[in-house]
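Enquirer: The chain contents come next:
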Amino acid sequence: MRIFFRDDTLTISMATSANDIDDWDSLNHMTLISEIEKKFNVQFEFYEIMDFENIGELVNSIQTKL
Amino acid sequence: MLWWTYILICLIGFGIFLKSTKFHREILSIFSIVLIGILSWKAAVAVILLSGITYVFQKNKITSWIGVFIQLTILVYHNYFLIENWIFKLGISYYGLQNVGILLLSIRQKSQNFSFQEILFTNTFFPKFLSGPILLPKEIKKLSPQNNLTQSNVFYGINRIVFGLFKLLVLAGNLSIITSTVFGHPESEFKAVTVIIASLLFTFEMYLNFSGYTDIALGFAKLFNIDLKENFNLPLRSKSVSEYWRKTHISLIDWFTQNFFYYVTFKWRKSPNLSVIAGISITFVLSGIWHGSAIGFLIWGVLNAIYLIIEFLGKKLKIKLPNLIAWPMVILAVSFANLFFISKYWANSIHYLNNIFNADGWNFDWNMHVMAILGNGGYLEQQFQLIVISMLVFSFLIFEKSLQKKAKNNTISISFLSILAILIFIFGNFNDGSDFIYMQF
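Chains U and L supply the protein sequences, listed in that same order.
Quick note, the first sequence lines up with residues 655 to 720 if you use my numbering.
Quick note, the second sequence lines up with residues 32 to 472 if you use my numbering.
Hint data in this document are derived by calculation from the structure and do not stem from the laboratory.
One thing to keep in mind: the hints can contain errors.
Unchecked claim - Partner residues are not named here, just some residues of chain L that face chain U (Cβ under 8 Å, in silico):
1. 273
2. 288
3. 289
4. 292
5. 293
6. 294
7. 297
8. 303
9. 306
Said to hold, decoys possible - Some chain U residues close to chain L (C-beta under 8 Å, calculated; not the full set):
10. 679
11. 681
12. 687
13. 697
14. 701
All C-beta atoms in this analysis are idealised placements derived from N, C-alpha and C, irrespective of residue type, glycine included.
Next comes chain U alone, as it looks inside the complex (with noise of 0.2 Å):
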């Protein structure tokens, strides 16, 4: 995520959400998904992204898929 976002001072925990992080709007929303989806090597669905409050679903869904 730090990497993804260049800032190295980036603190995310579970419940860290897009609201949280100044360059998470949704012009790169997808792109991160993109990515995640390359390095874990899952693949998501489109309502599954809609729905996505913060990171920990995101985690809990990429380990379910794994």
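Based on these hints, arrange chain L on the given structure of chain U.
Expert: Positioned in the frame of chain U, the structure of chain L alone reads:
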């Protein structure tokens, strides 16, 4: 109908609402439908009809497609063949999108089970019927009115409504007098500076008008213990166009983002940059068209898309402008796009552009070509009024952040409210200033 009949109906409606122990949503829907019906009984029939269609058709994919088709046909018809006294004239641009949102969810994810009361309520709820905010399906689920008239809700509501009236009647209302001296006369010749100043002022006017309306809507909603979605978040302080669009007409942009932008970028996420560019283009062309059939709206959308794409590419190349340069550039760029928005038709836009880029346009006399025109006459008195209004607007925008904090407060500040009330009575433009610009869309 006389104004006191409205007030009487409002009092009766509010009384019944407060007395009842259940069916709050239903009572409020009926009350809202009565209010809509007074404006136009046809609009009331239309909203019930389309809510019914959404309710019946949300069950499976095929019927949802039919539902989307019906709603979009009516929406397009509304925007492109504006007919006087047409049944779907009021509010359709706003509640139509909410209905389409529900149906698209049913098509793309799974069949939806919104109750008829839920759909009817979100479509008719009177503070938001005319100009939104537009809610997403998950936000519609959360709406539940209660007759919980606490002191803090009432204070919040009063603060917000007075604050909105001040923005609408004093600031936007008087700005509209100034900007209409230029944009109300597309046949006259103007100097470049005059058009540029008028475009900047129009950007302020549009924001103050629409956000003032939203303040009033949110204030009223709070009296029913409902927190409607915020539509603005100090957009005029943005240091990038993408920040500006995260903070302006949030509910509309959110709707397009959820339903189109994310969909496009998700489908083509294998090539992230191209998908974002395509997504931005589709989102802003559609939101341009949503405003109406005039070519100016389309150009407005395309220009905003171009700004966002340039910014997106600039970010990829790690170009970052200092705030002191970025901020005025954003305001100028947005105002330039708004010039097409306000002039609506191609011939008018070209005329104003000619005035700006004409070599003679920069050869001007400040008093004669700027003050006298924007002040609606050359007299000292009219120019004084122009200066007072401009100072009011600018000082408001400078202190907006702290003023807004006061407006969202749960406690009453007598000085805050009385100053706003006095300013409304002195400067309020009660004639045409109370028009909601966004009601026509």
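Enquirer: Work down the list of hints and note, for each, if the structure agrees.
Expert: Do the hints match the structure? See the list:
Hint status for residue 273 of chain L relative to chain U: holds, with the closest Cβ pair at about 6 Å, below 8 Å. Because the closest C-beta pair between residue 288 of chain L and chain U is about 5 Å apart, less than 8 Å, the hint holds. The criterion of a C-beta within 8 Å of any C-beta in chain U is met by residue 289 of chain L, whose closest approach is roughly 7 Å, and the hint holds. A hinted interface residue such as residue 292 of chain L counts as satisfied when its beta carbon comes closer than 8 Å to some beta carbon of chain U; here the least separation is about 6 Å, so the hint holds.
Taking 8 Å as the C-beta contact cut-off toward chain U, the hint placing residue 293 of chain L at the interface holds, the least distance being around 7 Å. With 8 Å as the threshold, the beta carbon of residue 294 of chain L comes within range of chain U, its nearest partner Cβ sitting at about 7 Å, so the hint holds. Using the Cβ-Cβ criterion of 8 Å, the hint placing residue 297 of chain L at the interface with chain U is satisfied: the shortest such distance is roughly 5 Å. Against a cut-off of 8 Å between C-beta atoms, the interface hint on residue 303 of chain L holds, since the closest Cβ of chain U lies about 4 Å away.
Nearest Cβ of chain U to the Cβ of residue 306 of chain L: about 7 Å, under the 8 Å cut. The hint holds. Using the Cβ-Cβ criterion of 8 Å, the hint placing residue 679 of chain U at the interface with chain L is satisfied: the shortest such distance is roughly 6 Å. At about 6 Å, the closest approach between the beta carbon of residue 681 of chain U and any beta carbon in chain L falls short of 8 Å, and the interface hint on this residue holds. Satisfaction of the interface hint for residue 687 of chain U is found here, the shortest Cβ-Cβ separation to chain L being roughly 6 Å, below the 8 Å cut-off.
Interface restraint check: residue 697 of chain U against chain L, minimum CB-CB distance 11 Å, threshold 8 Å, status violated. A cut of 8 Å between beta carbons decides the hint on residue 701 of chain U: the least distance to chain L is about 4 Å, and the hint holds.
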